[in-house]
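Construct all of the structure, not just a fragment, from the sequences and the given hints.
Top to bottom, those sequences are chains A and B. Each step along the first sequence adds one to the number in my numbering, with nothing skipped, and position 235 is 235. Each step along the second sequence adds one to the number in my numbering, with nothing skipped, and position 19 is 19.
Don't take every hint at face value.
Keeping only pairs whose Cα atoms sit at most 20 Å apart, straight-line, the calculated SDA-like set for lysine to any residue is [what the hints assert, rightly or not]: (1) B:Lys80 to B:His66; (2) B:Lys260 to B:Asp486; (3) B:Lys330 to A:Glu299; (4) B:Lys370 to A:Leu162; (5) B:Lys330 to A:Ala277; (6) B:Lys260 to B:Leu280; (7) B:Lys330 to A:Glu396; (8) B:Lys351 to A:Arg289; (9) B:Lys68 to B:Glu33; (10) B:Lys370 to A:Arg289; (11) B:Lys402 to A:Arg349; (12) B:Lys351 to A:Trp269; (13) A:Lys188 to B:Ser327; (14) B:Lys402 to A:Arg289; (15) B:Lys381 to A:Trp273; (16) B:Lys351 to A:Glu396; (17) B:Lys206 to B:Arg232; (18) B:Lys351 to A:Gln153; (19) B:Lys330 to B:Lys393; (20) A:Lys188 to B:Lys201; (21) B:Lys393 to B:Lys370; (22) B:Lys201 to B:Arg232; (23) B:Lys330 to B:Tyr363.
Derived from the structure by calculation, the hints contain no laboratory data.
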Amino acid sequence: MVNRLRQTFKSLSIPVLAVILGLIVSSFFVLMAGTDPAQTYQRMFCEGFGSKGCQTFSDLLVVQVETEDGGVSSVFAPFYGVGGHRMAVVLERATLLILTALSATVAFKAGLFSIGMDGQFVLGAITVAFFGYWLPTQVYMLAGVSDPGAAPQALLSVMHVLIPLVCIGLAMAVGAVYSWIAGYLKVKLNVNELISTIILNAIAVQIVNYLVRYPLRSDFNSTARTQRIDDTAWLIPFNRGLFQDVEWFSGARLGIGIIIAILVAVLIWFFLWRSTAGYEQRMAGGSRRFARFGGIPSERAALRAMLLSGALSGLAGALAILGIERRVIDGYATSGFGFDGVLVAILARESVPGIILVAMFFAGLQQGATNLQFGDLPRQLGGIIIAFIILFSSMENFFRDLITRIQTRLRPRKTPYPNEAGAP
Amino acid sequence: MPLAVDMRHIRKFFPSSSVLACDDVDFAVEQGEVHALVGENGAGKTTLMNILYGLVAPDAGQIFVHEKLSHIAHPNDAIKLGIGMVHQHFKLVPSFTIAQNILLGIEPNQAGFINNNDEADIVRRLSESFGLPVNPNARVADVSVGMQQRVEILKTLQRNAQILILDEPTAVLTPQEVRELYTVIRKLADDGRTVILITHKLLEVKEAADRVSIMRRGRMVATHSVADVTVREMANLMVGREVILRVDKSPATPGDVVLKADNLLVAGAGGMPAVFGVSLEVRAGEILGIAGVSGNGQTELVEAITGLRPVEGGTISLLGQDITHASVRKRREIGLAHVPEDRMEVGLNLKTNLDENVVVTHYQDDPYSKRGILRLPPIRKLAQQIVDAFQVKSARVGEEIKTLSGGNLQKVVLGRELYGNPRLLVVNQPTRGLDVGSIEFVHRTLIEERDSGAAILLVSVELDEILSLSDRIAVMFRGRIMDVLDAEAANEQDIGVLMAGGSLETEPAAAQKV
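Below, the structure is given as structure tokens:
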């Protein structure tokens, strides 16, 4: 038990050390930009994770709030939602990162370094942007409703359940098929999946750019955009529906998507670690020759992994449009959620619980870094800080050695060494 | 004789695996001697030598080199002190020539420009002065393993090594290359250099060393003059109990044909045929041994029978069913078990834990999974059963296996493959790299399995192993079976002739035009 606690502490200490070192090293650049690092980082973390009015690191935990009778009381900051909490925005963004990171993890665990999440994501997004508008209009036409506002409530209720489901299903299918192409090329023709997914990403971006600029363009704004999806296709965010009275949610388009993402994470964990199919793909990924030797159908496992991986990215794209954006605007194809998901998966070392934590942390950092520019700091500075944190996070072995060395230095040489405990 | 190396009270604890690899070890080597350091896998002998070579820092202890207290923190310190090490896995650049490899990092140059002819000359002079002929301009990738080892030795000599550490130098060599190596070692010792030989092959100690130090579980248990100690005594010291070196077995009682291969044709790497028209039969309750120098088609034959390599021609049948093109899973369902040559890469997945490794051949069956969902309690029980039945020391259910020793890993593989009483067991190099105790265990297990009615196809390049275990012996040479001998009647000379492509008929040259 103590041993397990020590292990957990050890694995947690690595990312924390990485963040601290990343901040120390990027201080150099903050100083070059002419500001005080301590202040900048406090701003960044407040903008990323804080409640309204957060100024210092301590405000991330406890904020002083004026009470009605004019006094001051301390409130646990993550629960202080007046004026909207930054964490809601973090969760909105993390929804998508969790799903694309799971998508990457499923492929990685099968030994396939597929980074096709970007392409699958945008194709999923454009699919729901189209069907989220087109399907309801078809339904209204069939039902003979000319004004959706006057449609019977029963019809709208049914549509509000079915249309998002159908849209999500279609987006997942599109993502899965697109990912399967790379898997098929890998299994049948031994085409490197890294290269094929990069190319497929580029193709997907161009397809979406074309669709947004020409066939699906809705009006002649200066920036091309698709029609907004119908209200019945919309997954209404918490701040407009379920929790519209809870101020914590007020600043974010966070919605049911986060619940879907976390449920999916649990399912994927179960699939990978508890199903025979997951076992097959992990064995094939860990050691190809071992899988063949044991009689595992590796090719089938690889194709299944690619299909599942694509479906997850497609789902992320669907939730992005149905829950957050409600339309695709020109340029959304390069929003980078897919690639950030790959980063999250790598930083979380392909652990499913890790992905949820890292996705939130990553989303918060990105938000904090972006918002730095509203002060007197260059926008690029945030990018530099994030890059250093990622760099140090990937130096896992370095930190592990460091910690072991410190531990052995600190620990007095106790006698009973496990002498007869067998050898490595 | 003065001491070349004197290590005192060396202690090394690895916190990550909680292993005390060296426990107050004293180790002294006289100048000009060949000193063997023996011990089972994991006894701490490689750790001790890595400490001497500066690859591992000891927790406590002192090292005297040529009777001077020395601080060795890095291999560069060791090299400066005249210590050279040849690792078990060679550290050469395959695409470079032999000369380039030997002079790597110390190239003779003129203002940064390298002259290849100078390099070749230096290496030629070096190799002549030590009587170790090499072709300086050959690429390392193109020369034999024995030659590569010679390059490693020359590399250390070029850096003026007075003390040479050879880690398991014969593990990869053919018998003839082993003999050449002994000559080289002896010559180096006669020149006044000191050679430390890490090994666990005790016959080798007898043939090559002057003195021997024996380690067991991190402790130095004895140092003897080789002349004063028998192989059996060394084996007992090493394992810590009585070891049976000879395999006891009763005569076989062969039953029905289990495996039948007919006129098999199999392609090797690069599409060149590796097995030409091999026909063989293995019956229940017998061991058919396949002898041969490594690389004569044994690997391809085994892979074809076990379903890892496609068959180009001919047929294979298992218990009367045609399995020529059947999947691995189908073959295993009929009753095949396979202990592969490479247990680290093929037989096991070292990236995962014990449970998932033992269940790989059964994960689809009740009770290990139901409707596509793995059921962990039965899987854990299976792992525990295998650990108990095969006495896999230091393996724990649910834990990683990558820290287990080679012998324990092989026990895991054997335990899994023998679970469920296979009808045919194909074993390829089952004791390669294992220590005496584990070899004894593997051999005993194979005989027990035979006596309980399994058909066993044993492939090994260790002739002793083939001779002591097999009931019939087939000798392979260049993809063909030269002859099948009855083990009772077979002797080493006959098999040696066949292994070299000769024939036992009156005209030995007849078979050589393959």
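Comparing the hints with the structure gives:
1. A distance of roughly 13 Å separates the Cα atoms of B:Lys80 and B:His66; the hinted pair therefore holds under the 20 Å criterion.
2. The hinted pair formed by B:Lys260 and B:Asp486 meets the criterion: a straight-line CA distance of about 18 Å does not exceed 20 Å.
3. For a cut-off of 20 Å, the pair hint linking B:Lys330 to A:Glu299 stands: about 16 Å separates their Cα positions.
4. With a C-alpha separation of about 33 Å, the suggested pairing of B:Lys370 with A:Leu162 is violated against the 20 Å cut-off.
5. Restraint check for B:Lys330 and A:Ala277: satisfied, since their Cα atoms lie roughly 18 Å apart, inside the 20 Å limit.
6. Only pairs whose Cα atoms come within 20 Å are accepted, and B:Lys260 paired with B:Leu280 is accepted, the gap being roughly 6 Å.
7. Between the alpha carbons of B:Lys330 and A:Glu396 the distance comes to roughly 42 Å, so the proposed pair goes past 20 Å and is violated.
8. A distance of roughly 13 Å separates the Cα atoms of B:Lys351 and A:Arg289; the hinted pair therefore holds under the 20 Å criterion.
9. Annotation: proposed proximity of B:Lys68 to B:Glu33 holds, straight-line Cα distance about 19 Å (limit 20 Å).
10. For the hint linking B:Lys370 to A:Arg289, the alpha-carbon distance of about 26 Å lies beyond 20 Å, and the restraint is violated.
11. Taking the CA atoms of B:Lys402 and A:Arg349, the gap is near 19 Å; set against the 20 Å cutoff, the hint holds.
12. A hinted pair counts as satisfied when its Cα atoms are at most 20 Å apart, and B:Lys351 with A:Trp269 qualifies at roughly 18 Å.
13. For the given pair, A:Lys188 sits about 18 Å from B:Ser327 by alpha-carbon distance, which is consistent with the 20 Å threshold.
14. With a C-alpha separation of about 17 Å, the suggested pair B:Lys402 and A:Arg289 falls inside the 20 Å cut-off, and the hint holds.
15. For the given pair, B:Lys381 sits about 18 Å from A:Trp273 by alpha-carbon distance, which is consistent with the 20 Å threshold.
16. Simply put, B:Lys351 and A:Glu396 have alpha-carbon atoms about 17 Å apart, close enough for the 20 Å limit, and the pair holds.
17. Of the pairs offered as hints, the one joining B:Lys206 and B:Arg232 holds, with about 11 Å between alpha carbons and a cut-off of 20 Å not exceeded.
18. About 56 Å separates the Cα atoms of B:Lys351 and A:Gln153, which puts this hinted pair outside 20 Å; it is violated.
19. A C-alpha spacing of about 33 Å is found between B:Lys330 and B:Lys393, which places the hinted pair above 20 Å, so the restraint is violated.
20. At roughly 46 Å between alpha-carbon atoms, A:Lys188 and B:Lys201 are farther apart than 20 Å, so this suggested pair is violated.
21. Distance restraint check for B:Lys393 and B:Lys370: the Cα-Cα separation of roughly 31 Å exceeds the 20 Å cut-off, and the hinted pair is therefore not satisfied.
22. A threshold of 20 Å between alpha carbons decides the hint, and for B:Lys201 with B:Arg232 the separation of about 12 Å falls inside it, so the pair holds.
23. A hinted pair counts as satisfied when its Cα atoms are at most 20 Å apart, and B:Lys330 with B:Tyr363 qualifies at roughly 14 Å.
Of the numbered hints listed earlier, those contradicted by the structure are 4, 7, 10, 18, 19, 20, 21.
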